[in-house]
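Following the hints, position chain A against chain L.
2 protein chains.
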Amino acid sequence: MRMVDIISKKRDGEILTDEEIIFFVKGITRNEIPDYQAAALMMAIYFQGMNASETLTLTKCMMHSGETIDLSAISAINVDKHSTGGVGDKTTIVLAPLVASAGASVAKMTGRGLGHTGGTMDKLETFSGMNLHLDRTTFINNVQQYGIAISGQSANLVPADKKLYALRDVTATIENISLIAGSIMSKKLASGADAIVLDIKVGSGAFMKTEKDAFTLAQELVEIGEGMNRQTIGLVSRMEQPLGHAVGNALEIKEAIETLKGKGPKDLEDLCLSLGANMLVLSNNARTYEEGVKILKEKLSSGEALEKLRQLVQIQGGNPKQVDDWDLMPKATHQVDLMATSSGYVSDLDAETVGLASMLLGAGRQTKEDRIDLAAGIYLYKKIGDAIQENEVLATLYTNDESKLSLASEKLQSAYAFSNKSPRKQKLIIGKVSKLGIEME
Amino acid sequence: MRMVDIISKKRDGEILTDEEIIFFVKGITRNEIPDYQAAALMMAIYFQGMNASETLTLTKCMMHSGETIDLSAISAINVDKHSTGGVGDKTTIVLAPLVASAGASVAKMTGRGLGHTGGTMDKLETFSGMNLHLDRTTFINNVQQYGIAISGQSANLVPADKKLYALRDVTATIENISLIAGSIMSKKLASGADAIVLDIKVGSGAFMKTEKDAFTLAQELVEIGEGMNRQTIGLVSRMEQPLGHAVGNALEIKEAIETLKGKGPKDLEDLCLSLGANMLVLSNNARTYEEGVKILKEKLSSGEALEKLRQLVQIQGGNPKQVDDWDLMPKATHQVDLMATSSGYVSDLDAETVGLASMLLGAGRQTKEDRIDLAAGIYLYKKIGDAIQENEVLATLYTNDESKLSLASEKLQSAYAFSNKSPRKQKLIIGKVSKLGIEME
Chain L
1 MRMVDIISKK RDGEILTDEE IIFFVKGITR NEIPDYQAAA LMMAIYFQGM NASETLTLTK
61 CMMHSGETID LSAISAINVD KHSTGGVGDK TTIVLAPLVA SAGASVAKMT GRGLGHTGGT
121 MDKLETFSGM NLHLDRTTFI NNVQQYGIAI SGQSANLVPA DKKLYALRDV TATIENISLI
181 AGSIMSKKLA SGADAIVLDI KVGSGAFMKT EKDAFTLAQE LVEIGEGMNR QTIGLVSRME
241 QPLGHAVGNA LEIKEAIETL KGKGPKDLED LCLSLGANML VLSNNARTYE EGVKILKEKL
301 SSGEALEKLR QLVQIQGGNP KQVDDWDLMP KATHQVDLMA TSSGYVSDLD AETVGLASML
361 LGAGRQTKED RIDLAAGIYL YKKIGDAIQE NEVLATLYTN DESKLSLASE KLQSAYAFSN
421 KSPRKQKLII GKVSKLGIEM E
Chain A
1 MRMVDIISKK RDGEILTDEE IIFFVKGITR NEIPDYQAAA LMMAIYFQGM NASETLTLTK
61 CMMHSGETID LSAISAINVD KHSTGGVGDK TTIVLAPLVA SAGASVAKMT GRGLGHTGGT
121 MDKLETFSGM NLHLDRTTFI NNVQQYGIAI SGQSANLVPA DKKLYALRDV TATIENISLI
181 AGSIMSKKLA SGADAIVLDI KVGSGAFMKT EKDAFTLAQE LVEIGEGMNR QTIGLVSRME
241 QPLGHAVGNA LEIKEAIETL KGKGPKDLED LCLSLGANML VLSNNARTYE EGVKILKEKL
301 SSGEALEKLR QLVQIQGGNP KQVDDWDLMP KATHQVDLMA TSSGYVSDLD AETVGLASML
361 LGAGRQTKED RIDLAAGIYL YKKIGDAIQE NEVLATLYTN DESKLSLASE KLQSAYAFSN
421 KSPRKQKLII GKVSKLGIEM E
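Protein chains in written order, with this note's numbering: chain L, 1 to 441; chain A, 1 to 441.
Here chain L stands alone, though its shape is the one from the complex:
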């Protein structure tokens, strides 16, 4: 079998056989196929696509390219949640303790942020001393004993995806739905999930720019999950503007805590209830979606969800007092307000631009080596649809490096657009995809 023949076959729009896909993924993993041939194949796939069967085979091969996590020692159904990435997306911090407090078994592997989006690992490091590199035994024991464990991904998880993703990033071949689906699902499957709830973001701040693309991706993800006998549900939600008000690690942790107290922003709470209720159904902790929502609301109001977060922080070596005492949270030495220069309404608040402004403040990484300022970030008082008065504060920027304020302010300013008419508010959740099909909200 020759790689050049596989490339030319895909280039001509033909369907690759299982053997050809296996040959490719093994070759990439073992460094036996040069990057230039892999890059040419990725571009051919960008133009010609892959069908459901090719995508499933690719995903399986990538899943098995490295270590796979065996969670069978955990008797409960392990239900995992994944978001395709957004700005101000702290749902995992809320959801993990929330659904664990309702009886679900949460064995969560997570990652760091890069570019305009943040990462759950970085956010959790706001809790000083928090250990996010659990060994396998501790990870599984914690899930069994407390119903919750969150840890960084094993370095040897899906090495084929690590190589391919890095290559796609520099060859303009990220934006193919089959390749995105394979990349996401190979990691979820290798992480040992029994069932998967996906949050597919759509809009200017997300990979998927159109609803059509987002639903197509959701369908591919569900098809792969079900093809691997994992119950899979995908919600498609808007990411035109950041989720909630807080962007940046400590700021987002505080907002997540508020949400666990039942006092969070409505968009964030709605999304957590919806994702969480689906997780409870898939893990047999609720009979219906509606029952799931009801249970979760009780866990918020009873304080059990917040107590589960305290427990999570404590058992992983962090300081649980931070949950209740914000004086113990990382603090920024400098802050500046962005003011409205005229009255009217916020008509746009571009999520990606807000994410980049937050990164400029030190809250995110431009390269993998950058260090993060946990206190840096942005608090958005005004979001799309909000009325504003001249000289009212739109947002506050926080950083420990004063030199970064001016560029970040300019950037944030450019994320906002205004109008003199109130824009139509749009629902956050657009629809749900499962093996039964698409349900629009």
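Please keep in mind that the hints were generated in silico from the structure rather than gathered at the bench.
Since the structure is predicted, the reported quantities are computational estimates derived from the model, not experimental observations.
Don't be surprised by glycine CBs; every beta carbon is placed ideally from N, CA and C.
Wrong hints could be hidden among the right ones.
What the hints assert, rightly or not - Computed list of chain L residues with no C-beta within reach of chain A, every gap over 12 Å:
1. ASP70
2. ASP135
3. ARG136
4. ARG365
5. ILE372
6. ILE388
7. SER406
To be verified - For each label pair, taking beta carbons as the anchor points, the in silico distance ranges come out as:
8. GLN335(A) - VAL4(L): 32 to 38 Å
9. GLU19(A) - GLU14(L): 35 to 41 Å
10. GLU402(A) - ALA166(L): 49 to 55 Å
11. LEU407(A) - GLU32(L): 25 to 31 Å
Just chain A, lined up with the frame of chain L:
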């Protein structure tokens, strides 16, 4: 400027600026752009194409990526001829002395063969002692004194094309008309030609499989040549079956000599007269195409064309007696006839398959390192349209390695197809492309 942005621009079907193309070609030449990004761009160009202006810029940049040959010391117009490659294509061996004998100035740089097609350098080495590595001064002096010199290409000619071609070959991105045109013309232009006559082959034995593609390529080549102020003419000719009867180095040299005596196969003679007459017109050695043909026919019948070949061989250190005494030609120790198993007509004689059979006999190279058996090859007694009788000889295979005969015979057998009806004979030359447009034959 970032290479990934150039790739994504072309991927999205946009037109690259001159600066972007310059950035790419310089980067490739200086090894500053990794092969995987070049491969991704080649595949994006395969799908999205390049317009005439992009192709011209690419060609110019590649032309200037290495050494360029200055032929301005030669006062006459240097007219070069290029064929896109075929099987049994010995036109250069005939044309160079033929047009030189008619007053044209022939400063020919040429190459070796690879795969199913042969190379002029290999063929000329049939003349023992022939020096095909002339230094610049000797090359130019010979052209000025004798009107003819043939030499291997400088190693530093168009390094960007060497790199890109090697990459395209293993990433299934050869078959793009703009990239093919840029590759061909950058070499012709760097070789110092003032005017160019091109032989664009079409058919199963050629790169271009359809007439439409061949004419599109011819138009791109002419457009680039004229865009660089070089008069350029492209003939489109068929390459369904091999040209002439002989395939293999010494066999082809003998057939070229027969053709220079006016006793060659009609298809080969016709093509040489047509290409040659255009060369005479472009070099001001004939006023019209018809006059050019008349002059060339006189040079064949007077013996002057053959005398020019003897002179060429002599001045470049070869043995000119080989031109007249075939006992001095390389001889094969083994030969075998391929016989007709029934009566009828030859309906097909696939050029590429014949070329591969000849390569298997030792006449060509599978890899650049292979050594050539100059005596090896195939003589085709029967070609498309010829009537055959059962047990008549279709072709003879020659080699110095008996072990190769059986596989090569099988291969050659598979190149032939037969029918009981006489197939329609097709004209060899299909049409001509110049700055004035397309003229069909």
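Verdict on ARG365(L) as a residue remote from chain A, using beta-carbon distances over 12 Å: Non-interface label on ARG365(L) holds, nearest chain A Cβ at 18 Å vs cutoff 12 Å.
Hint check for GLU14(L) and GLU19(A) - Cβ pair distance inside 35 to 41 Å: Given about 37 Å between the Cβ atoms, the range holds.
Distance restraint hint 25 to 31 Å, applied to the beta-carbon atoms of LEU407(A) and GLU32(L): holds (29 Å)
Separation of SER406(L) from chain A, once the least beta-carbon distance is taken, above 12 Å: SER406(L) is indeed farther than 12 Å from all Cβ atoms of chain A, at 25 Å.
Interface-negative label, ARG136(L) against chain A, beta-carbon threshold 12 Å: Label holds. Min Cβ-Cβ 35 Å, cutoff 12 Å.
No chain A beta carbon within 12 Å of ILE388(L)'s: About 36 Å separates ILE388(L) from the closest Cβ of chain A, which puts it past 12 Å; holds.
Outcome of range test on Cβ distance (GLU402(A), ALA166(L); 49 to 55 Å): holds (53 Å)
Outside-interface status for ILE372(L) - nearest CB in chain A farther than 12 Å: Holds, since 25 Å exceeds 12 Å.
Range agreement (Cβ of VAL4(L) with Cβ of GLN335(A), hint 32 to 38 Å): holds (35 Å)
Interface-negative label, ASP135(L) against chain A, beta-carbon threshold 12 Å: holds (36 Å)
Consistency of the no-contact label for ASP70(L), given chain A and a CB cut of 12 Å: holds (35 Å)
Hint compliance for this structure: every hint is met.
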